[in-house]
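Chain A is fixed; fit chain B onto it per the hints.
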Amino acid sequence: MTLYGYAGKILRLDMTNRKAIAIETEPYRRWGGGHGMGAALFWDFCKDKTITDGRNPANVCCVMTSPLCGTIVPSAGGRCEVVGVGVGQYPVSWFTRTNFGGRFSTMLKYAGWDGIVIEGKANSPVWVDIRDGQVIFHDAQDLWGKNTWSTQLEIRDLIKIRRGTKTHWQDIEALPLGESNASSGEDFGRTTQKPAILCIGRAGENQTCHAALIHDAGNGAGQGGLGAVWGSKNLKAISVLGTGGIKVHNPKALLRARMITKEKYVTSWQAPDFQAWTRIGRLPNPIIQAAPPTVERRPQSCQGCINGCRSRYNVGYGNESACQETFWYGPYARKVAKSRAEDTEINLRGADIVQKYGLNSFVLQPGLHWLEHLYEEGVLGPGRPIPSDLPWESIGTLDFAEKIVHALSTRTDIGADLADGWVQAALKWGREEDLHTGALQFSYWGVPEHGYDPRAELEWGYGSLMGDRDTNTHCFNYIFTNVSAAFAFGKPLRIQAEEMVKLHAKKMSPYAKDRPEVLDYSDANMYSEAVAQTVRWQQHYCRFYKNSALYCDLKWPDFVNTNVPDHEGATASPDAGEQVFWNAVTGDTLSFENGIEIGRRIWNLDNAIWVLQGRHRDMVHFAPYIYETVYNKGEVFPFFMWTCRDDKGRWHYKDLMGRSMDKAKLEEWKTIFYQLEGWDIKTGWPKRSTLEKMDMGFVADALEAAGRLGEEAS
Amino acid sequence: MKYSLSQPSESLARKILNPVPFKDRFPAGRLKPPVGVLPGDVRSLPELHLFLEPDNASLPGINLKALPKWVEASIGDKELAESILAIVDTAANYVEGCVGVYEVVGYRLDQARGAIKETKV
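Read top to bottom, the protein sequences are chains A and B.
Reading the first sequence from the start, the letters are residues 0 to 713 in numbering that gives the first Met the number 0.
Reading the second sequence from the start, the letters are residues 0 to 120 in numbering that gives the first Met the number 0.
No lab work stands behind these hints, which were simulated from the structure alone.
Among the hints, a few may not be true.
[Said to hold, decoys possible] Calculated from the model, a selection of chain A residues having no Cβ within reach of chain B, i.e. all distances over 10 Å: (1) T24; (2) G144; (3) I245; (4) L282; (5) R348; (6) E432; (7) G613; (8) H615; (9) H620; (10) V629; (11) A704.
[To be verified] Each computed DSSO-like pair below joins lysine-lysine, with the alpha-carbon atoms no more than 30 Å apart: (12) B:K1 / A:K337; (13) A:K490 / A:K505; (14) B:K22 / A:K427.
Quantities reported herein were computed from a predicted structural model and do not represent experimental measurements.
Every residue gets a Cβ at the ideal spot worked out from N, C-alpha and C, and that includes glycine.
Chain A extracted, bound-state conformation (with noise of 0.2 Å):
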């Protein structure tokens, strides 16, 4: 039987004893692809799931595809989703995810492969080289030390690709490093591409926590710590090469979408709005955080995008880092430069350094800021309580930025005490405190706040509590953003609130359908049930749509759009939503909220992994600062709009700045949220009946075998 879309096979690596394994993608079938993949072969390959760190050798890491990579489905066909359990969380690293883009799910598809999983360890560094059906594994003593840049370099030589221009036609069967006693017997294609490969730098071979996989020069996989667990197992780079193709069940429908989504949904070429209110509609943009420093560039973008994010320019620093990590450096940058360009040179230089030694710049975003705190308050450097020898003199400089990231990637000076979590550095270092002033803001799981205050922005902040880390998860921000915007230019509202709350609930099916308070994130209404509806409804449409089927977190859901005459985004709708590319492709006939259910079964099953591995209600809560402290107003930015209604209920877009939760009424949201979800209240487990009613018996019994199962009475 064809299976549309898929590959048909994953790769089981078993480090241990330097084998692979082919398995069929066909009982995985049900789970859709990427996160919901992954997390069922952990759950079939991980023997011990009880375990709390990554590094642990029965940890099982899984690098997983979805049917649409490879295709032109809009701004899905590029990412790549990781999973297996992380590193340096607190108190406990969860089973959690992490993501990237660029163009290696799109290889592995071609070579045949759905996903990779990675079991048990190597004795020494090893780097796994994929050419189609060939699987070898190579020794990596001599890339080990290498960051990611010249590793990726180092392995192209290796197997004798030739380098940009120079490329042409060549026989994977005939480049060096081959065994042709490995062959699966598949016939070897031809190809004019580079492989692309994924790997880890200094960070992950040195197993610290916040270490990224890196692809190509920007493409990283960071939150979580899979760095560390690759490093953990000894493997360095995973290289792939494929030259196949992927079936498309209905190619013409797939066209149609595809040609829909940009006549309709995306702003004119000719005449463009820069201003639209829409995410998948927008033009192609560099999201660098600092000023682009030439224009003289060239548009990146993940394989199929609609709209690249990237950049490559000519001054040859800061090429294809997008987001976060080209301003983790941004407030210490302005200190010591003396022009907007030099400025923009720090911080793009800064991003090369992030990315060459594999490191998750975000750590450093509120983490920097308390080190920096420490410094200055006399507390940490030369002869002090906390000792560190770096610069903190010259914190803004190049040369600081590189051994304050050497030190973290390496274990060396504070780096050896922050290798095994910051929380954890923190404890240990007698600063408890600063976890209450919010000096250090990690604000849940031991992982810093992203930028978006769980005390304002509801979803988010109980998004990553109820899951397994910052949920990283954009699809409602656009409304602070947007709203807080205008107001700050005094331009006129695209969206008026009332309008924007009823688009987003018309396509929040099934659990908040036509019902708008669900955005209501006023005072009064921020503990409801309404308010738990969203999370659910962001959980389980991000494990499907976006973790699973890969649509990319920062394009989709489009549920406003001004392009388009009635406000509508492409979410959810007849004719390119997510739910009619992904049938196009896979000859399902799945509805949009067929796509939300699938999500909530990936999300049990993630939340039974949790439950195994330890967790329970109790545990559930955000760092003491966020009850403690209020969202000071105005400090970081003047305002914090969103939907909200007053007392008469009428709909305005309000500042939500100044507040604190209520670590009383959370707990209240807690139970209604457990309620929801058919979870047990007292312990946040799940039930044999909500499992089972999703055909997932098996785990209720496992969960059971543990003396972990949910009460049903509760």
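Below, chain B alone, put in the same frame as chain A:
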């Protein structure tokens, strides 16, 4: 002349150009979708000037109402503080206020640099 700020003395010019201690820093965040609101601070007027320089991709996050007090108390420039207050009070919106402050701070920095240069001569 757009601003009626008197030429600063050499000692005031040095205060204008130099950073204040960490304890006197002024909170200064940045809104940049999709990352969100990024925390930070400024400790000098040159840094404030760079921070407020307009760009197409982000917005500075600063409490314009509290800024004049900081400029007077921490930098020690009462005249500039009064100018900022006047700009903020009459700005039609937040961004206009930021741009106005950016311009007057830039003018003041030029004055301060000129004062130091004259002293050296």
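A:G613 non-interfacial with respect to chain B [C-beta, more than 10 Å]: holds, 31 Å
Satisfaction of hint between A:K505 and A:K490, Cα-Cα up to 30 Å: holds, 26 Å
Is it the case that A:A704 keeps its Cβ farther than 10 Å from each residue Cβ in chain B? holds, 42 Å
Beyond 10 Å from every Cβ of chain B: is that where the Cβ of A:E432 lies? Given a closest Cβ separation of 17 Å, the condition holds.
Hey, is A:I245 genuinely clear of chain B, shortest beta carbon separation above 10 Å? holds, 29 Å
Far enough from chain B: is every CB of that chain over 10 Å from the CB of A:H615? holds, 30 Å
Holds or violated: is the Cβ of A:H620 farther than 10 Å from all Cβ atoms of chain B? holds, 22 Å
Separation of A:R348 from chain B, once the least beta-carbon distance is taken, above 10 Å: holds, 17 Å
Hinted pair B:K1 and A:K337, Cα distance within 30 Å: With a Cα-Cα distance of about 25 Å, the restraint between B:K1 and A:K337 holds, given a limit of 30 Å.
Measuring Cβ to Cβ, find out whether A:L282 lies farther than 10 Å from everything in chain B. holds, 13 Å
Against chain B, does A:V629 hold up as non-interface, every C-beta pair farther apart than 10 Å? Given a closest Cβ separation of 14 Å, the condition holds.
A:T24 remote from chain B - nearest C-beta pair above 10 Å: Consistent with the label, A:T24 stays out of reach of chain B, its closest Cβ about 32 Å off (over 10 Å).
When the structure is compared with the earlier hints, no violation turns up for any of them.
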